[in-house]
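Q: Here is how the chains run, residue by residue.
There are 2 protein chains.
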Amino acid sequence: MKTEIKVFAPATVSNVGCGFDILGFALEGIGDTIKVRKSDKKGINITKIVGADLPLSNNKNVAGIAGMVMLKHLNYEGGFEVEIEKGIAAGSGLGSSASSSAGVVVAINELLGKPCTQLALVAFAMEGEVLASGKKHADNVAPCIIGGFVLIRGYEPVDVTNLEYPKDMYCTVLHPAIEVKTIESRKLLPKHISLEDAVKQWGNVGGLVAGLYKSDYDLISRSMQDVVAEPNRSTLIPGFDAVKKAAMDAGAVGCSISGSGPTIFALSKNKEESIVVTNAMKVAYDQIGVEFSINVSQVNQNGVSEI
Amino acid sequence: MKTEIKVFAPATVSNVGCGFDILGFALEGIGDTIKVRKSDKKGINITKIVGADLPLSNNKNVAGIAGMVMLKHLNYEGGFEVEIEKGIAAGSGLGSSASSSAGVVVAINELLGKPCTQLALVAFAMEGEVLASGKKHADNVAPCIIGGFVLIRGYEPVDVTNLEYPKDMYCTVLHPAIEVKTIESRKLLPKHISLEDAVKQWGNVGGLVAGLYKSDYDLISRSMQDVVAEPNRSTLIPGFDAVKKAAMDAGAVGCSISGSGPTIFALSKNKEESIVVTNAMKVAYDQIGVEFSINVSQVNQNGVSEI
Numbered sequence: 016m017k018t019e020i021k022v023f024a025p026a027t028v029s030n031v032g033c034g035f036d037i038l039g040f041a042l043e044g045i046g047d048t049i050k051v052r053k054s055d056k057k058g059i060n061i062t063k064i065v066g067a068d069l070p071l072s073n074n075k076n077v078a079g080i081a082g083m084v085m086l087k088h089l090n091y092e093g094g095f096e097v098e099i100e101k102g103i104a105a106g107s108g109l110g111s112s113a114s115s116s117a118g119v120v121v122a123i124n125e126l127l128g129k130p131c132t133q134l135a136l137v138a139f140a141m142e143g144e145v146l147a148s149g150k151k152h153a154d155n156v157a158p159c160i161i162g163g164f165v166l167i168r169g170y171e172p173v174d175v176t177n178l179e180y181p182k183d184m185y186c187t188v189l190h191p192a193i194e195v196k197t198i199e200s201r202k203l204l205p206k207h208i209s210l211e212d213a214v215k216q217w218g219n220v221g222g223l224v225a226g227l228y229k230s231d232y233d234l235i236s237r238s239m240q241d242v243v244a245e246p247n248r249s250t251l252i253p254g255f256d257a258v259k260k261a262a263m264d265a266g267a268v269g270c271s272i273s274g275s276g277p278t279i280f281a282l283s284k285n286k287e288e289s290i291v292v293t294n295a296m297k298v299a300y301d302q303i304g305v306e307f308s309i310n311v312s313q314v315n316q317n318g319v320s321e322i
Numbered sequence: 016m017k018t019e020i021k022v023f024a025p026a027t028v029s030n031v032g033c034g035f036d037i038l039g040f041a042l043e044g045i046g047d048t049i050k051v052r053k054s055d056k057k058g059i060n061i062t063k064i065v066g067a068d069l070p071l072s073n074n075k076n077v078a079g080i081a082g083m084v085m086l087k088h089l090n091y092e093g094g095f096e097v098e099i100e101k102g103i104a105a106g107s108g109l110g111s112s113a114s115s116s117a118g119v120v121v122a123i124n125e126l127l128g129k130p131c132t133q134l135a136l137v138a139f140a141m142e143g144e145v146l147a148s149g150k151k152h153a154d155n156v157a158p159c160i161i162g163g164f165v166l167i168r169g170y171e172p173v174d175v176t177n178l179e180y181p182k183d184m185y186c187t188v189l190h191p192a193i194e195v196k197t198i199e200s201r202k203l204l205p206k207h208i209s210l211e212d213a214v215k216q217w218g219n220v221g222g223l224v225a226g227l228y229k230s231d232y233d234l235i236s237r238s239m240q241d242v243v244a245e246p247n248r249s250t251l252i253p254g255f256d257a258v259k260k261a262a263m264d265a266g267a268v269g270c271s272i273s274g275s276g277p278t279i280f281a282l283s284k285n286k287e288e289s290i291v292v293t294n295a296m297k298v299a300y301d302q303i304g305v306e307f308s309i310n311v312s313q314v315n316q317n318g319v320s321e322i
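Quick mapping for you: the protein sequence lines, in order, are chains A and B.
Under the working numbering, residues 16 to 322 are what the first sequence spells out, in order.
Under the working numbering, residues 16 to 322 are what the second sequence spells out, in order.
Please keep in mind that the hints were generated in silico from the structure rather than gathered at the bench.
Worth double-checking, as some hints may not be accurate.
To be verified - Straight-line alpha carbon distances no greater than 16 Å define the calculated EDC-like cross-link-like pairs of lysine to aspartate or glutamate that follow:
1) K206/B / E211/A
2) K21/B / E98/B
3) K151/A / E211/B
4) K150/B / D174/A
5) K151/B / E211/A
6) K284/B / D231/B
Claimed, not checked - Label-pair ranges, simulated between beta-carbon atoms:
7) G93/A / A257/B: 52 to 60 Å
8) N74/A / K151/B: 51 to 59 Å
9) K297/B / T132/A: 34 to 42 Å
Stated by the list, open to error - Partial list, computed: chain A residues near chain B (C-beta under 8 Å):
10) H88
11) L127
12) V214
Using N, Cα and C, we set each Cβ at its ideal position, and we do this for glycine too.
Only chain A is shown next, with the shape it has when bound in the complex (with noise of 0.2 Å):
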């Protein structure tokens, strides 16, 4: 059996507009590389973090927690040297935390014969979310671990699907150099909501759903209205309706909030459209007077995978 093993770990788009702490999508290009190592010393022991200003201890970080639930779960006596190269920033909102933490206990259940059901790496993964977020929240761990786009149907257990989507999609993700606390924009957050705006949101959700089963990128596109998120966290990012304007108007198939921000979000119909939508909203964002990244890719498929 191996005794050392490196993954790359995707990025995530969560909430995907309206689907609010029970979507999430899988990125291709852009995540974590993570290097886990079986190792005499008990329990894990991350050496190094490349890439990001982040602790190393267990107890500090989302990785060492994740990684420490699976092992007690597993009642495993023995011990793993993790070192991450951090390739999504903290605060971005493209499930930082959540591929660290995914990334190494996907790691360790290769590197132990693969014991655990990827249902259960999501559990484990989604301890780290306690730290990062204030919520054992499961759309970002969920599509990293599994790719492709993930349902979140519930919390008690939680409760997975993959749902089918149209395989020409592409994703742009727009990242303007200023972080966000998901801990602080979850605060922005109403703690109650009028049953006419919930009906909306639900509305838009089973259209979601049902426009990606059926490919239908209209649907798709009409489903994508949050009622709940986006007009509250959108305000903690700068430029955020100029960016949203100017992708829709290019032909995007819709455009909110990744995760709880700042990152944009857009999607397109194919890579030409894709192409298209980036410069649009890299033309738009140039006027913000924010330093920004922007990338496109399509979804990834595969979730967590070696390299």
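Keeping the supplied structure of chain A fixed, place chain B upon it in accordance with the hints.
A: Chain B in isolation, oriented as in the chain A frame:
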């Protein structure tokens, strides 16, 4: 062109557990039979209603209202005589008002050579629902007109999508002989809900739609949890908890209130299982001391049809 037509307008189950105001499906075997003939007398003239004590005058009858809105939209100078044989009790929760409205507008459309789209017919029929429920909802009229399982994504403008569903699914409907007025039942609903409950509900809506597409009965079953309407409205239905328990213990996929009640519906995986579920519900309700009728059928794939 024909001058007279007779149609069957099916009963419908709306809400379907978690999908309050946005989901519905049509039933086989239960419905209104409606005769419509061209007449020299301008407008809609309801000449006879059999099987229910309902007003004949247009502004007090849902079918009259829907028909008049349609004729006005078409600037139609002539008129139609309408005879309705009610097969669905008013206030049963099986879309009684919707069937009459939907049946009349579809029949008129046929007699005029189909000038209107199905979506336009849904919009006309919805006008009748205001009289019946105080709200222009489409989760009965849309499945009645279109047939099958229907999602109403939104209402501004009305946005209707037919969904895939497992074709071997059966539905039992148990109608206690009490009347629940939709307009009264709506008053029991909370005006606001917690974000936590809302997330549960839209997770279940996403799960139900995905489950229908996947023909995944376990997912459908887990998704048929309604935290918004059922807990409040079930208090109006004597024996609801007992009959739901009996249905689920007998193997039902899910069981909830049809529309605003008092009808209780249960879904089963196939005909054989639906017979077991139906018997269990019958035995359980025999103990309650309220008269009832019970029917079992497949989902009606066609909607309003000429007979």
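Q: For K151/A and E211/B, compute the direct alpha-carbon distance and say whether it is at most 16 Å.
A: Holds: K151/A and E211/B sit about 13 Å apart, inside 16 Å.
Q: Is it true that the C-beta distance of N74/A to K151/B lies inside 51 to 59 Å, as the hint says?
A: holds (55 Å)
Q: Please check whether G93/A and A257/B have a Cβ separation lying inside 52 to 60 Å.
A: Holds: the Cβ-Cβ distance is about 54 Å, inside 52 to 60 Å.
Q: Hey, K284/B versus D231/B, does the alpha-carbon distance stay inside 16 Å?
A: holds (10 Å)
Q: Hold the hint about V214/A up to the distance rule: shortest CB distance to chain B must be less than 8 Å.
A: With a closest approach of 5 Å, the V214/A hint holds.
Q: Would the hint on H88/A be counted as holding, given a Cβ-Cβ threshold of 8 Å to chain B?
A: Status violated, d = 23 Å.
Q: Are the Cα atoms of K206/B and E211/A separated by 16 Å or less?
A: Holds: K206/B and E211/A sit about 8 Å apart, inside 16 Å.
Q: Does the CB of L127/A sit less than 8 Å away from some CB of chain B?
A: Constraint on L127/A not satisfied, violated at 29 Å.
Q: Quick one: are K297/B and T132/A within 34 to 42 Å, going by C-beta?
A: holds (40 Å)
Q: Would the pair K21/B and E98/B pass a check requiring their Cα atoms to be no farther apart than 16 Å?
A: With a Cα-Cα distance of about 9 Å, the restraint between K21/B and E98/B holds, given a limit of 16 Å.
Q: Is the hinted pair K150/B and D174/A satisfied, with a Cα-Cα distance of at most 16 Å?
A: Outside the cut-off at roughly 34 Å; violated.
Q: When you check the alpha-carbon spacing of K151/B and E211/A, does it fall within 16 Å?
A: holds (13 Å)
In this structure, the earlier hints numbered 4, 10, 11 are contradicted, and the remaining ones agree with it.
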